[in-house]
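Input sequences plus hints: build the corresponding full structure.
Chains as they are written, first to last, in my numbering: chain A, 1 to 121; chain B, 122 to 406.
Among the hints, erroneous ones may be present.
As the list claims (entries may be wrong) - Over 12 Å on every C-beta distance to chain B, these chain A residues come out as not near it, computed from the model: (1) 34; (2) 51; (3) 53; (4) 63; (5) 69.
Said to hold, decoys possible - Partial chain B-side listing against chain A, Cβ under 7 Å, derived: (6) 249; (7) 253; (8) 267.
If you are wondering where the hints come from, they were derived from the structure by calculation, not from laboratory data.
Glycine included, C-beta positions come from ideal geometry on N, C-alpha and C.
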Amino acid sequence: MIDFEHEYIVIFVKCVDTSLRFFVDMLGFSMYEHIEIAGRGCPILQMQSGHYIMLIEKETLECETVTLLTDDCLRDYHAFKKQGIEQLGKPEYTDAGLTISFYDPSGNKIMLLEARDYTDA
Amino acid sequence: MKYNRILVNNNEIISELTHSAYFTEVTGRYAVNAVFSGEVDYTIEKRKLTLVPGSFIFLNDDTCYTHKIASAEGVSRLSIAFDPGYISDFEASVLESDAVLLDQPTGGKKGRPRLLESIYPLNGDIKYSLMHLSRHVDNGVADQLLLSEYLNHCLLNYYHLYQSEITSREASLNFLNGSTKTEILKRLCVAKDYMISNYNKNIRLEDIAEVACLSVNHLLRTFKQAYQQTPHQYLTKVRLRQAKYLLRNTDYPINEIVDIVGFECPSSFIRLFRNSFNVTPGKFR
Numbered sequence: 001m002i003d004f005e006h007e008y009i010v011i012f013v014k015c016v017d018t019s020l021r022f023f024v025d026m027l028g029f030s031m032y033e034h035i036e037i038a039g040r041g042c043p044i045l046q047m048q049s050g051h052y053i054m055l056i057e058k059e060t061l062e063c064e065t066v067t068l069l070t071d072d073c074l075r076d077y078h079a080f081k082k083q084g085i086e087q088l089g090k091p092e093y094t095d096a097g098l099t100i101s102f103y104d105p106s107g108n109k110i111m112l113l114e115a116r117d118y119t120d121a
Numbered sequence: 122m123k124y125n126r127i128l129v130n131n132n133e134i135i136s137e138l139t140h141s142a143y144f145t146e147v148t149g150r151y152a153v154n155a156v157f158s159g160e161v162d163y164t165i166e167k168r169k170l171t172l173v174p175g176s177f178i179f180l181n182d183d184t185c186y187t188h189k190i191a192s193a194e195g196v197s198r199l200s201i202a203f204d205p206g207y208i209s210d211f212e213a214s215v216l217e218s219d220a221v222l223l224d225q226p227t228g229g230k231k232g233r234p235r236l237l238e239s240i241y242p243l244n245g246d247i248k249y250s251l252m253h254l255s256r257h258v259d260n261g262v263a264d265q266l267l268l269s270e271y272l273n274h275c276l277l278n279y280y281h282l283y284q285s286e287i288t289s290r291e292a293s294l295n296f297l298n299g300s301t302k303t304e305i306l307k308r309l310c311v312a313k314d315y316m317i318s319n320y321n322k323n324i325r326l327e328d329i330a331e332v333a334c335l336s337v338n339h340l341l342r343t344f345k346q347a348y349q350q351t352p353h354q355y356l357t358k359v360r361l362r363q364a365k366y367l368l369r370n371t372d373y374p375i376n377e378i379v380d381i382v383g384f385e386c387p388s389s390f391i392r393l394f395r396n397s398f399n400v401t402p403g404k405f406r
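In C-alpha cells:
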C-alpha cells in the first residue's frame, strides 16, 4: 500500500533485482517497503537523508537523469568511493549546492544534490 | 566537551564547547578558527579581535596569537590546524597547471604561502563544509579519509572565498602600483575586522581610521572602492547580521537586541532590518 504521506522519486529500471542490489548493497539505501503495482513488484527504498525512491521495471527504457536530494554530499561521495561505484564524478559546486553524479545499472544518470541556501552570502 | 584529532597528514581538528579557556599559540600550522555560538577574543600580534557567532578567521603558520574564552552561556567553536606542507601541496595542485605539476612533482622552489589574515562571515559553501565537519567530529567519526575529504573542501572553499574577498577587492582599488593595492587592502581588512569585533560599541569613523593607519578621507574613499559601500553601511550590515543571529537563537526581547547590537533606536533598527531582509524582526523570529 503506497503511503501518500511520503514523496517518492520514481526511477525506471531494466531489472528490479539488479537495481535493488546496486541501491541497497552499493549505495547503502535501506528497503522501506515492497509494493505491487499492476502485478509488478516495486520496491521503495529510503536514502540516508530520509528521502524515498521507488524502482519500477520497464522493458523499453529511455535512460534519464534523476536528481536525488541528500543532506551531506561529501559523506555520500566518500561512502560511494569506498564501495567502488563506477563512473563516480567528483563533487561539483553549482548554484543549487554541491552535487555528485554516477550511473545506475540501467544507465540512468543519478545526480545527488545537497541543496544549499546561498542567500546570506 | 572537547574533541581533538590529529590526522595522518599532520592536520588537526579541534571541536569544543566550553565556558572558559585561554591559549597562547604559535602552532607552526595554518589555522581556520570558526565560532558557532558565543564569542572568542583573539590577540593576534598587536590586534585585538573578537570572533562572533557565524564568523571565522584564517591565520598563517608563523602568526603568534592567543585566544580567550570567558562566557557564561558557553562557546562552541571549531578549529582546524593545517600542516604547512599540506597547504603548499594543496596550493600547487589547485593553482598550477598539469604540465607544471608533471615537471615539478615535488612542488619546485615555492615557499610557504602567506595569506592576508582577516575575519570572514561564515556563509556560503565553507559554512556547510565546517558545519558538516563539526557534526562528524562531535559524533566521534574516526574515518581519517572522510575527515580529510572535508578538510580538502574547507580549503577549496576558503581559497574560493579568498579570491572574491581579497584578490578581487584588491584588483578593484584604483592604484597603479600592485604593492600599494596590497597594502591598502591589508589596512582595509584591519578596519573591517575592527568593525566586526566592536560592532556593539559606539565606534567613530576616526577610531576606525586610526586603527587602520589611514586618514578618514583615505579610508572612506578606498573602503568604498573595495567594498562598494561606506564603513558605516558595512557596520550596519554587521549589526543586522548579529541581530538576525540573536533573533534566531535567543529569547531576548527585540528592544534588548537593539541595545546589544549597538543600534540607538528600535524604530530605525526595525526599518533597516525590514529594508535588508524584507521581513520585520518580529516576523523573522
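Now for the hints, and whether the structure bears them out:
The claim that residue 34 of chain A is not at the interface with chain B holds, since no C-beta of that chain comes within 12 Å of its own (minimum 31 Å). For residue 51 of chain A, the requirement that its beta carbon stay farther than 12 Å from each beta carbon of chain B is met, with the minimum near 18 Å. Consistency note on residue 53 of chain A: stated as away from chain B, and its beta-carbon is indeed over 12 Å from all of that chain's, at 23 Å minimum. Every Cβ of chain B is farther than 12 Å from the Cβ of residue 63 of chain A; the closest lies at roughly 29 Å, confirming the non-interface assignment.
For residue 69 of chain A, the condition that its CB be more than 12 Å from all CB atoms of chain B holds, with the nearest at approximately 14 Å. For the restraint placing residue 249 of chain B at the interface with chain A, the shortest Cβ-Cβ distance is roughly 6 Å, inside the 7 Å limit, so the hint holds. The criterion of a C-beta within 7 Å of any C-beta in chain A is met by residue 253 of chain B, whose closest approach is roughly 5 Å, and the hint holds. Interface restraint check for residue 267 of chain B: the shortest CB-CB distance to chain A comes to about 5 Å, inside 7 Å, so the restraint holds.
Violated hints: none; the structure is consistent with every hint.
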